[in-house]
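Trainee: Single-letter residue listing:
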Amino acid sequence: MTADGLRQSREAELDRQSRLKNRIACCSVAGCLAGGGDAVRAALAEEVKAQGASAEIEVCGTGCMGLCSRGPLVRSSAGEITYAEVKPGDAAAVVRSDLDSLNGRILRQSDPFFAGQRRLILANSGKVDPEKIAGYIAQGGYQSLLRATSEMTPEEIVAEVKKSKLRGRGGAGYPAGLKWELVARHPSATKYVICNADEGDPGAFMNRSVLEGDPHRVLEGMAIAGRAVGAQQGYIYARGESPLAIERIRTAIDQAQREGLLGGRVFDSDFHFRIDLRIGAGAYVCGEETALIASIEGKRGQPVLRPPYPPESGLWGHPTLINNVETFANIPQIIENGGDWFAGIGAPASPGTKIFAVAGRIRNSGLVEVPIGTSLRTILFEIGGGVPEGYEFKAAQTGGPAGGCIPAQYLDVPMDYDSLTGIGTMMGSGGLIVMDTSSCMVDVARFFMEFCMDESCGKCIPCRAGTVQMNEILGRMTSGEGKEADFAMLEALSGLLVEASLCGLGRAAPNPVLSTLRHFRSEYDAHVRERRCPAGSCRMGASA
Amino acid sequence: MSRRIVIEPVTRLEGHAKITVQLDDAGQVRSARFHVTEFRGFEKICEGRPFHEMPGLMSRICGICPVSHVLASSKAGDMLLGVEIPPAATKQRRLVNYAQVLQSHALSFFHLSSPDLLLGMDSPPEKRNIFGLMEQDREFLRSGIRLRQFGQQIIELVGGKRIHPGWSGPGGVHERFTTRQRDEIVKWIPESIESIGIALDRLKSVLDSFREEVAHMGNFPSLFLATVNEEGGLEYYDGVIRITDGSGNTIAEALDPHRFYTYLGEASESYSFMKFPFYQPFGYPQGHYRVGPLARLNVAKFAGTYHADREMREFKQRGEGAVCQSFHFHLARLIEMLHCTERIEELMEDPELFEEAIQAKASLNRREGVGSCEAPRGTLFHRYWVDKDGLMTKADLLIATAQNNQAMNLSVEQTARRFLDAEPDQGMLNRLEAAIRCYDPCLSCSTHALGRMPLVVDVTGPAGEPVRQIRRET
Amino acid sequence: MSVRTLEVDGRTITAMADQTIFSAAWDNGIRIPRLCHLGGLPDAAACRLCLVEIEGQKRLQSACTTKVAEDMVVRTDTPALQAHRKLIIELLFAERNHVCSVCVVNGACELQTLAAELGVDHIRMKPQYPKLPVDVSHHRFGIDHNRCILCTRCVRVCDSVEGAHTWDVAGRGRNSLIISDLGEPWGESASCTSCGKCVQVCPTGALFSKGKTVAEMRKDRSFLQYIVTAREKRLWIAERKPR
Amino acid sequence: MNPTAPDLNIPASDEREKLLERAMARHHNSGDALIEILHTAQQLYGYLSRPLLSKMARRLNLPPSHVLGVATFYHLFRFEPPKKHSAIVCLGTACYASGAGQLLAAAQQSASEGEWTLTTGRCVGSCGLAPIAICDGIPLARVKPGDLAAVLGGKHDG
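Residue numbers (numbering that gives the first Met the number 0), protein chains in the order written: chain A, 0 to 543; chain B, 0 to 473; chain C, 0 to 242; chain D, 0 to 157.
It is possible that part of the hints are untrue.
[As the list claims (entries may be wrong)] Which bits of chain D does chain A cover? Going by a derived footprint, with three or more residues having C-beta under 8 angstroms, they are:
{"no.": "1", "stretch": "32-44"}
{"no.": "2", "stretch": "70-77"}
{"no.": "3", "stretch": "82-93"}
{"no.": "4", "stretch": "114-123"}
Derived by calculation from the structure, the hints in this document are not laboratory data. Here a beta-carbon is modelled for each residue, glycine too, at the ideal position from N, C-alpha and C.
In isolation and in its complexed conformation, chain A is listed as follows (with noise of 0.2 angstroms):
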């Protein structure tokens, strides 16, 4: 595709965009699919149908509008309405905005929900089907690529992110624009770009929904990092367990490449680029880098020794680039506006948006997306709307098994990565579970342990031994059987995991233990010592 190209594909959908009288765009992500979805949107097709409106009404998929909790979400461009829960039934009053039918199911973008929000990432949600890249290259997609192809060196392109001062979203937040450097600066002639997009965390789904809902905003971050760093092969390493996930990128990649964006000579640069998908089978470890590279090869995905760490000797020991996707699908707003304008946005330490999964005990749940620095608190109790009644808030809890529980006097905690750090948790990838007092946090950290150990990969053997032994006391405890020795022996394994575990996973599984005892002790002792759960939730609880 040449510049011109893009600019005709981009018309041409804009064009035949402003002819339609109403755009009804179903949500066509995981959430909402399995609430129904896709007989929602049958039934709109065959409404628009039956009223031989096809012409001027059209009915399309798009990406996540983040209230999953009262999905399926239909959202009609008429207006900027959103319905939540429709239902197949429903279809005639939609297409007719028959909004008196529809009462109480009617959300307007001065929701709290949607207002407290700052969509960037999520953007085109709503907007975009991700099954179509004309609808993304009408929104402005690809252009950031073009420029970042035609107007700016490499060498620019890794000056603008490094001033965008953005983190790495998987979890550590490590500068972006530092790993590119390094990549970039490497004298190897090979050199490969790779997609994180094995999101493992329980209770997150950022990235799946990115992925489902706009894929090809992820590709273009791809592409232009390829071109930044000097590398022509990119690989995107999905979730097995995410099938439409990887159905949507599977697409995007042919479009991208039939279209000329992916491939040999991007407009007509002599730039090369290509992405191909590799898909995990069920390995929560290989969301941890040099595992993951493992897995791209072949191979068990087992963590290897760091360093050298991935810029300097990864895929197949050349230089790599990893970020994950939803680092990737910041790129193109940050070359499309400038790293000073990203710098603006969040904290000054770490700009940009966040988007959080946000589950559990609240009202609405589903994906939110807020400036970071935005507090725990508005993010829970104004878009989130708060606990529903008869429940009291406990908890939240962030980061995943890595992470650890923030407890109600945290609440006004800005959520970035060196705050959070700070109170002993992490910002991880974004999931936010939150839990009321129903909630025992002894069982929580034995939740987590769990899945830490069935998830070690084996190779290292404090991981490898000392969760199965964390488990251990904490299903002791929470069958009312611990004993006082156990505090001593959980702080020893958890200081041996935090020091001497070999990769991330391991350093981090002990997260949840340390958290609840900072800020749960109490409820530990009441298992321990008097032999009852405050919470009355965990086995010991459920059989009192």
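For chain A, the structure is supplied; the task is to place chains B, C and D on it using the hints.
Mentor: For chains B, C and D alone, kept in the frame of chain A given last:
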């Protein structure tokens, strides 16, 4: 008033057990039982392990007679391989077995039984132990300790470790016997023969004062079972099984030890974990038999060594056809020690012992193997089943103490009848124990048990209700 | 090759620039515990016993994989490191079934020796005792998974020295298991050359020569040094210590 | 190639074999693509049988133990033929917090003798609908233990 007296555990035994004496309304002994209440399940541990490991594993059954288990196990392994092992290996195993009998008997006689024998059954319990004996007869006790040391020394020299030797395995042994080892061993022999002679004289001289005990602590006719050589002489390593009765008549001759299960059966009783083996043609309980030193001397026609033969002729005079008093286990033990020492001396002169070939190499050739030998306490049988790769699928162990089980029960009952006065006193309790101790039972291996029992004496009324309880701390 | 000077446990030592901390320390008589590392094999850095403290570095580093550097200050035996090592040994003992008294390498076992050196005389955690198979289908050797610590020395020696790659690890986490070929019995493995290298490098009694009984097995690794040295220095006649 | 390796019993005319061959050829029979090819094989055959693994090892020039080691590392690969139906109970954090534990217990009980292969998933990405179970690809949102048990225990045929 009917009472029940329970003594547990019996002290100065290798293992733990308890005795119940059931009294009737007249205060007379109705019955007496020797309980073995521990369970160790060694057979279970063996399952799934390579049969080559068995000698080492089996040696862990018992800290007193590991060699016996190693030998029976090695022999079962030989059979699984289907080999005849080199003469040097056989002789080494014989040597160590003699040493084993020597050290075990020394322990039984000098350390455990001599306080009763030399200080008297009614001497105060706090004195009636090895320390009390030490005060009285230091020199005598020292000679006993030295005798045990001699046996252990040989085991250590040949087997590498005193307690758990792994030197022997299927196909032979693993180290050659050297002249240096011989030189170490021969030094001990004169002293040993002299010490055993002195002990024999001592024991014989006090026997008169134990007339009552000899007559009533396990004096009953029974079958006797032991291994003998082809000529019918004493044999400890390899021979045939011979069974005689309480009058010295031959009941069975030249039975194949590898087919022991065709003529020996095992009954069980609810009150004991330990089985009750019996000679099948006679049925249970009539077919119960005794094994061990007393049985060996009764069954064998001669010893085959100079000193032992002389003592054995004298010994056989004590009974009519057979010596039926279990009290004479002690005497038999000393005679065996003498015999073993003489045999060790002979072996030291045997050039075959020093030969180079010590191991028959072969792979698994059979799926079932049996090994037997004479352990200090009696005949020991190991029977193994393996899968095609040589992993154990089942093990069946018939251990000496178990074969004396019925005899021990009879002895306890007889002793109780004779020595029970109106109230249980320490002398009676001690005699009950002493009756058991004649057999030098190794309860840990015969029940393959693990754990400890508290020391409790229970006296219960007619309906079984406890009347009183006597505790004795170990 | 240039030389580096560094400080290990308060002693100033010199080492070749490409040496690891482990081998430099070893050359100077400082023994760092380890179970997965074995000279001549590629390193896995998996057992984490050789972790050392390096001044100025936040994280502990595995001595077997970290190269020496000029003026590096290394501590190999601090109380914290000792505590970690003890715990690792305990974890290993609790993980499977390591009963020394009935093991073929009793007395010559690296795990046992380390436990003794580190003063691990009991374990404070619950033994897992998984019931794992013993494979003695091979005509000369056997593998007892109950005694395996998953150090992968066998996997590495088979792949990198013998070149057969008969062994690998199947499963993951606590369910990891050493397998031969497609998981068939060792004796049926088509790739195994029966060289026995795996048996000799195994630190415990997991891999053993058949026909050995308790405490009888001794491992001989002189071949490794010989092969590695011979390749490097073209010394085809090994120096053998007189027996 | 190993002459003693077990022979394959899959007929040459088998369409699935051709598809698998093609998949391997597409990756130039490169061992790097092992996981991709395992995915393809499982899709075609339903599970990874020993002859299948052996065939892949030969064609991709990989040691068989490496192939099995890789395949067993990943939870999505099966080595037994799957049952007629499959159910996944999500054990993600949100589902767990909403009682997925009880859900799983109920499912295990009723699936034990039926025609359902029961597996657990770590977050299927529908946390808003927790707890969730997926039966033969059909998601059951906010499902109750009794209802799931009924599906798995009943003569459900779709």
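Trainee: Of the hints given before, which are not true for this structure?
Mentor: Those not satisfied: there are none.
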